[in-house]
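*Asks:* Each chain, written out:
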Amino acid sequence: MLELQGITVAYGESVVLKDLSLTVPEGRTLALLGANGAGKTTTLRAASGVLKPASGRLLVDGVDLSGAQPYRFAKAGICHVPEGRGVFPSLTVRENLVLQSYRTDSAVAVERAVSAFPRLGQKLAQTAGTMSGGEQQMLALARAYVQQPRVVLLDEVSMGLAPKVVDEIFAFLTRLAEEGVSLLLVEQYVSKALAISDYVAILSRGRLVFLGEPDELAGTDIFAQYLGSAEQVTA
Amino acid sequence: MNSLLPFIVAGIAQGSVFGLAALGLVVTYKTSGIFNFGHGAVAAVGAYVFYDLRTIHHWPWPVAAAVCLLVLGPLLGVVQERLAAGLAPVRLAMKVVATVGVVLLVAGITSLHYGASSLDFPPFLPQDTVTLLGVRVSAAQLITLVLSVVVAGALFLLFRVTKVGVAMRGVVDDPTLMGLTGVSPVNVRRSAWIIGSTLAVASGILLAPLTGLDTIQLTLLVVQSFGAAAIGRFTSLPLTFAGGLLIGVGENLLVRFSGDITWLALAQPALPFVVLFVVLLLSKPAVIADAGRLRRAVAPSRTPLSPATRRSAMLAALVVAVVLPSLVGVRIQSFASGLVSATIFLSLGLLVWTSGQVSLCHAGFVAVGATTTGHLLGAGVPWVLAVLVAGLVVVPLGLVIAVPAMRLSGIYLALATLGFGVLLQYLFYNRPFMFGQLGQIAVPRPRASWLGIDPSSDTSFYYVTLVAFLLASGVVYGVLRLRLGRLLQALADSPLALATHGAPVNRIRLLVYGVSAFLAGAAGGLSGALSGTASSAAYSYFSSLTLLAVLALYGTKVGVVPALAAGVALSVVPSYLTSIRGEWFTIVFGASAIVAALVSDRSLSLRLSVGARQRLADRRTSSPTRARLVQP
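One line per chain: the protein sequences are W and L, in this order.
Under this note's numbering, the first sequence has 285 at position 2, and the numbering climbs by one with no breaks.
Under this note's numbering, the second sequence has 872 at position 131, and the numbering climbs by one with no breaks.
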């Protein structure tokens, strides 16, 4: 499905990703973990074409999209929900959804979004920038639904949100996964992320140090080694 | 009422064209965050090309119009989109500089090719009249109105209903996110620029029969759209169009009443600016959309010259300045003029580069200084005192501008200053207390003779301007080296951060405007005395645009060297190249200003320097090359 082959990214002189190869398999969820500065966000930005790697290839269904503009990735079914609030603040909720719905009819798009997050249904005419942080994140995620993508890249989508909203968001991610969408998940709630993941990858200083199933982590000191203490990461 | 109706009808027809132009302006501003001061210049290009095809090459007008609207407009739109993309990362002042450069470029080229005087632009739409509600209305007026309303309506629907319209509104929020939704932000912006540019071309063609073909006039007339856009708060399309109608009707009513009250005739061209000024003053800052956020890059620090080298260079420069009259002979007059310009550039640079506020009315400040000096000298006030008082008289004017500056910032301040400059020119230049009806006033050079030197000779007056420039430099350096200088830098970087530190931001702005206005006013006195007569034509609002463009050619720091270089470029070089027509200088200043703005992105030089270091590192360690962010 989505394949990163030997991706190297550097900002100026500091190398952020070094020869990273990673595959997000069809219909599976891959959690991408690592300490601050490990290169998680950079991986997602490279995978959606926002950032052009210095070397390496990006394949979507075997088609090489290296160097293509981000909108080509989106059209190929890669949906990136970026860090922060991925909404257009000056547009209304409905307009935000319409904008994402290039694959479907606008009305169908709005219907799908509301089915995923009923709360959005009451706010369709509201300007997105005036909604609460949780609602904005729901709108950003609803996009992942409306666009009918095949792979969703999620960058810390639970950051700064109330626990109740976080639960709602994870329920939505589970639903996405059940519908056969592949997820590449960067998440601070490690235990929640692992609970819904089929695979886990751990990055350290731009290199892949672990790739396997969540069960394989049990009884190892990998967390302590690369993510700090377990309390810190699960907090 | 019946006597008013014909004026209202004419006003609605004319206003609908202003509305069209304003819609184009708002569409591009909303999608790219670039406020296009060159919008009127694009309209002028459209009108000239239409004139060329129809009048000179005798094409049927529908064919000429089709070529302009279907080929020229979109083409200019594509070019402008590229320009706007290049300007996205540069600081706001440079965005203004670049679009002002477009105005100069177009004005220079059209004036060179078609002559500076206004050309007759015969009407092309049918002139038959019909009577509606007892008022005779020409078919041309009706067609113009219907066409404009249809276009405005279509545009409104496009933005509200269609995906591309929604994308145009969304792209300015977050172009990267737009790319992630599967829509190319470049294509969205290009569509917007094509629409905006085609609307400008259309309004130019429709306006030219009313105004005659004259770039300056046309640039100014389409600038009515600024007023209309202000009524629409720079976002609402229906209100913007309504604003255009309002300004058209207002202008025509002023024409109606100017028979009774003569100064109203002068006020007519200034109306859109009065509207703009009032809207800006009455708006809460947050109400007006600030499209396109400023991305600021860190400047690479240059190695400063050692104090010894600097002292030697300054001494050498001073020696050259002192012996210059014996080196250049009769041309010393133009060097004196260069020094006066350099003083004006010091004053403008202080405002633009250190407090980050763009002035497009500096020529107005200089004009007030020149005329005040003339009047004071006429009243027998000693020369030096007259110049200093002229400087002081301009200070309250600067403070009038500082009021919106304190409330607004960025592009709205630039607009307000342009409005103020035009207002000053149309309402006051021809008043007895300024240049008078004849448009000129005597400003003699100092007459008193000290130590047997005739201070009114060209050489002596050169030394007067030299001393004045040195004093002005002293003032500017004094301002920069004091605590105020650091506060100014902080103000340019982040007014909010400065305010939260408890610094008196508003007092700093007032102070800067005061100093800048004083220097400009005093320089005005000197500029009048250069030739002994100050004439209003030399201080038009267009001169303010030229001043800003030339200022930008020499970096983004206020200092003696950039000010002198700008003064030389503006006043000395043209005097040596007398065989070259003045329009060429306008063209060169305009084109260079655009280039200067495009390359002013300081992160560009930073990137380059990082890139160079990277290549060096590559050779040593063969480490990977840098990644780059996709420019949305």
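Think of the hints as simulated: they come from the structure by calculation, not from any bench.
All of these numbers come straight from a predicted model, not from anything done at the bench.
Backbone N, C-alpha and C define an ideal beta-carbon position, used for all residues, glycine too.
There could be a bad hint or two in this list.
What follows is a set of in silico ranges between Cβ atoms, one per label pair, in the way DEER data are often shown [to be verified]:
| hint | chain 1 | residue 1 | chain 2 | residue 2 | range |
| --- | --- | --- | --- | --- | --- |
| 1 | L | L1023 | W | G412 | 43 to 53 Å |
| 2 | W | D481 | L | G1296 | 50 to 60 Å |
| 3 | L | L1023 | W | G416 | 53 to 63 Å |
| 4 | L | N1247 | W | T410 | 38 to 48 Å |
| 5 | L | V1144 | W | A454 | 50 to 60 Å |
| 6 | W | S297 | L | R1052 | 36 to 46 Å |
| 7 | L | V1069 | W | S338 | 51 to 61 Å |
*Asks:* Quick check on a hinted range of 50 to 60 Å for V1144 of chain L and A454 of chain W, using CB atoms only.
*Replies:* 54 Å Cβ-Cβ, so the 50 to 60 Å window holds.
*Asks:* Given the range 36 to 46 Å, decide if the beta-carbon distance of S297 of chain W to R1052 of chain L lies inside it.
*Replies:* holds, 41 Å
*Asks:* If I claimed the Cβ atoms of L1023 of chain L and G412 of chain W lie 43 to 53 Å apart, would that claim hold in this structure?
*Replies:* violated, 24 Å
*Asks:* Range first: 38 to 48 Å. Now tell me if the beta carbons of N1247 of chain L and T410 of chain W are that far apart.
*Replies:* violated, 31 Å
*Asks:* For the range 50 to 60 Å, tell me whether the beta carbons of D481 of chain W and G1296 of chain L fit it or not.
*Replies:* Given about 57 Å between the Cβ atoms, the range holds.
*Asks:* Within 53 to 63 Å or not, the Cβ separation of L1023 of chain L and G416 of chain W?
*Replies:* This hint is violated: roughly 33 Å between Cβ atoms.
*Asks:* For V1069 of chain L and S338 of chain W, compare the CB-CB distance with the range 51 to 61 Å and indicate the outcome.
*Replies:* holds, 59 Å
Against the hints set out earlier in the document, violations occur for numbers 1, 3 and 4.
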